[in-house]
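Trainee: Chain by chain, the residues:
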Amino acid sequence: MSLHPPDLHPGEAAALAARTASRAAGEGVAEVAYARVDGPVGRLVAIATPRGLVRLAYELENGGLDSVLDVIARRLSPRIVEAPASLDNVRRELDEYFAGRRREFDVPLDWGLVGSGFARRVLEAAIAIPFGATSTYRAVAAAAGSPNGYRAAGNALGANPIPIVVPCHRVLASTGGLGGYTGGLERKSLLLGIEGDPGGGQLALATDG
Amino acid sequence: MPHLPPFQRFLDTQRDDVLRFLVAAVGRHDADDAFQETFLSALRAYERLQPDSNLRAWVLTIAHRKALDIHRARARRPVPVPELDDRAAAPGGEPAADDDAAQGDHWERVRLLPPRQRAVLTLRYAANLTHGEIAVALNCSTEAARRAASDGLKTLREELPDVPASA
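Residue numbers (the working numbering), protein chains in the order written: chain R, 1 to 209; chain U, 1 to 167.
So here's chain R without its partners, still in its complex pose (with noise of 0.2 Å):
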């Protein structure tokens, strides 16, 4: 034998580089942590900074981890670790949510993707929907004080980085369609549904151009 590397043992380095992650996202040296959370809509990246969560991602429809990780390191910080015990509160009240347990997330949220413009207030107009309820384009963007401005408010929902928590699957077209979804209309639907619209969805569905 020469001079050659020590062996690690199987998963050695991984469960080390957990551990680390793990201290990095409790001792603050990291800014941004992020889980995997799987439920019915299948698996969400939950991504906070230690203001709130920033990002839920539909991992499949954001073209994988690594792309939804690489917007975030480009457009908040590249000091991202995975931490799922950071992601504790997001993951129960998402569970609690899909069990229907919860009406309502208390998880504190980081508009750090959204800014303080109308986009902004497009969101907290959505987020202003009851559990059970839903609205239309017209009346968010008039919530938001543009009542003209549905389009952009359509965009804005569209873009809406942090889906499920900030319900913009509550708001349908004025016409009584599904209208849109960052996570695919089946998704939206579902979501309806959990929420005791039985098979409003599918009606929707067949009718929307």
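Hints are not guaranteed to be accurate.
Said to hold, decoys possible - Simulated DEER-style distance windows between Cβ atoms: (1) H29(U) - R75(R): 37 to 43 Å; (2) D33(U) - H4(R): 52 to 58 Å; (3) L68(U) - A152(R): 53 to 59 Å; (4) D33(U) - E186(R): 47 to 53 Å; (5) E96(R) - S53(U): 40 to 46 Å; (6) R77(U) - R120(R): 52 to 58 Å.
Because the hints were derived from the structure by calculation, they are not lab data.
Nothing here was measured: the structure is a model prediction, and the numbers come from that model.
Note that beta-carbon positions come from the ideal geometry of N, C-alpha and C, so glycine has one too.
Could you slot chain U onto chain R? The hints should help.
Mentor: Chain U in isolation, oriented as in the chain R frame:
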């Protein structure tokens, strides 16, 4: 314009090499702490890094400095040094029972070399850096890195079987 990768991806990519280097450089017992300190330091400095930097050489340079700290602390507070296993050192002796033990002996002996030789051999053979990268890490010339490797190997060859013939 290039961007730094998310830190988690950098950590996942480099973790094996860094841990191998640290196990060789300071031994298994101290490698865990040194590993965590290395990546926490890297995370603190991460945004000051140029996106097109050699990330692997950069993090191994940090790991090397952590290893150096540990060796300095040991020098200030001496502990008994492990003895070489006679079986591995004696010509014609029985081969060591398993690779792990034999390997451990080699790196244990490397750890007793003068600091620059120790650093060059661990960075070269446990972390697979080039002499050029090692020179940058140690802030010396490539020639000096090469010479230190050669001197270290010469010492090892006098005591241990099957150490590579050249740097």
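Trainee: Now, for every hint given, state plainly whether the structure supports it.
Mentor: A quick look at each hint next to the structure:
{"no.": "1", "hint": "H29(U) - R75(R): 37 to 43 Å", "in the structure": "holds, 42 Å"}
{"no.": "2", "hint": "D33(U) - H4(R): 52 to 58 Å", "in the structure": "violated, 24 Å"}
{"no.": "3", "hint": "L68(U) - A152(R): 53 to 59 Å", "in the structure": "holds, 58 Å"}
{"no.": "4", "hint": "D33(U) - E186(R): 47 to 53 Å", "in the structure": "holds, 49 Å"}
{"no.": "5", "hint": "E96(R) - S53(U): 40 to 46 Å", "in the structure": "holds, 44 Å"}
{"no.": "6", "hint": "R77(U) - R120(R): 52 to 58 Å", "in the structure": "holds, 57 Å"}
Hint compliance for this structure: hint 2 is the single one not met.
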